[in-house]
Amino acid sequence: MSGKLIRLFLTDGQPNGLRTIEVSNMTIHGTIFPRPQLDKFMMRESAKKPGVYMLLGADEDDPEKKVLYIGEGDPVLPRLKSHAINKDFWTEAIVFSSKDDYLTKTQVKYLEAELYALAKEAYRTKLDNAQIPTKPNISEVDEAEVSQFLDAIKLLLLTLGIDILEPRILVEENTVSIENIFELKVKNVFAKMAIINNKYVVLKGSTSVMDNRPSIPNFLVKLRQDLVDTGIMLNNGNGLYIFMQDATFNSPSYAAAAIVGGAANGRKLWKREGKMLKEIDKEMADNGEERD
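Just so you know, we're using full-length UniProt numbering here: the sequence shown kicks off at 1 and counts up by one.
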């Protein structure tokens with residue numbers, strides 16, 4: 001892949017204030033701002049243009065996920081002003097428009113539908129959309145142009161550290177360094193986890209308990225139920241769940257909790273050759289080593 005020049009501008013000099021982001025030699029223009037700065041966005045030219053937007057906020061029931069709403073507007077500002085009144089969850093907005101009025105109403109509706117589909121497939125957020133956006137018919141030329149715009153959106157989101165559209169990591173165990181694979185054994189439960197790009201991936205074929213512990217927090221109940229509802233964990237007929245595909249978590253403790261059915265210290269439970277993840281991480285830090 002060839003290099004790309006990305007321009008990130010802090011409009012007020014604050015890293016968490018209103019920011020703009022662009023890819024050199026492309027028409028895409030992104031604006032990111034916290035909810036209290038909607039009034040500042042209202043004054044900008046991009047607020048008067050057609051575009052797609054995302055509203056992000058915390059999911060109070062599940063710390064592993066954010067709540068996400070994806071929408072479009074022509075222009076975007078009236079929709080955002082409406083959401084400031086009728087949607088309480090969001091704390092940050094991300095708006096994508098075109099610098100040269102390139103986007104049409106049909107194209108932004110197409111982008112909205114594509115973004116929604118990507119977010120749903122990635123399953124990293126709880127989608128707040130009451131209705132599934134429908135994809136309009138567009139010409140072959142428009143589809144090619146909009147696809148480039150969509151690729152640019154994905155690139156800019158990742159540049160900002162926002163991975164809401166990224167698919168789950170699929171792991172071939174034999175391609176992962178043995179130093180990055182850990183095991184968890186509790187009674188008749190056996191699970192494997194790979195650490196990849198600072199994510200903790202419970203591998204397909206791992207097993208977990210079916211019953212939750214009495215003391216399990218509500219957000220972990222929801223986390224495990226989501227794994228069942230989405231078909232990631234399935235009853236294997238022997239009193240256990242089995243992971244039908246890899247599942248990615250943001251911490252080893254959440255990965256362990258999914259296995260044992262309750263709150264757990266994953267840095268103690270996940271082991272390699274009998275040694276705890278906690279101990280291995282300390283040894284690596286003492287030796288100045290980094291994980292592959």
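These are calculated hints, taken from the structure and not from any lab test.
Keep in mind that the hints are not guaranteed to be accurate.
What the hints assert, rightly or not - Label pairs and their calculated CB-CB ranges:
(1) D100 to Y123: 33 to 43 angstroms
(2) I6 to N238: 14 to 24 angstroms
(3) K282 to I6: 32 to 42 angstroms
(4) N129 to E279: 40 to 50 angstroms
(5) F190 to I6: 54 to 64 angstroms
(6) K278 to L5: 20 to 30 angstroms
(7) K105 to N265: 45 to 55 angstroms
(8) E145 to A263: 34 to 44 angstroms
A quick note: this is a predicted structure, and the numbers were derived from the prediction, not measured.
The C-beta atom is built at its ideal place from N, Cα and C for all residues, glycine as well.
Each hint, compared with the structure:
no.: 1; hint: D100 to Y123: 33 to 43 angstroms; verdict: holds (35 angstroms)
no.: 2; hint: I6 to N238: 14 to 24 angstroms; verdict: violated (51 angstroms)
no.: 3; hint: K282 to I6: 32 to 42 angstroms; verdict: holds (36 angstroms)
no.: 4; hint: N129 to E279: 40 to 50 angstroms; verdict: holds (45 angstroms)
no.: 5; hint: F190 to I6: 54 to 64 angstroms; verdict: violated (44 angstroms)
no.: 6; hint: K278 to L5: 20 to 30 angstroms; verdict: violated (41 angstroms)
no.: 7; hint: K105 to N265: 45 to 55 angstroms; verdict: holds (52 angstroms)
no.: 8; hint: E145 to A263: 34 to 44 angstroms; verdict: violated (49 angstroms)
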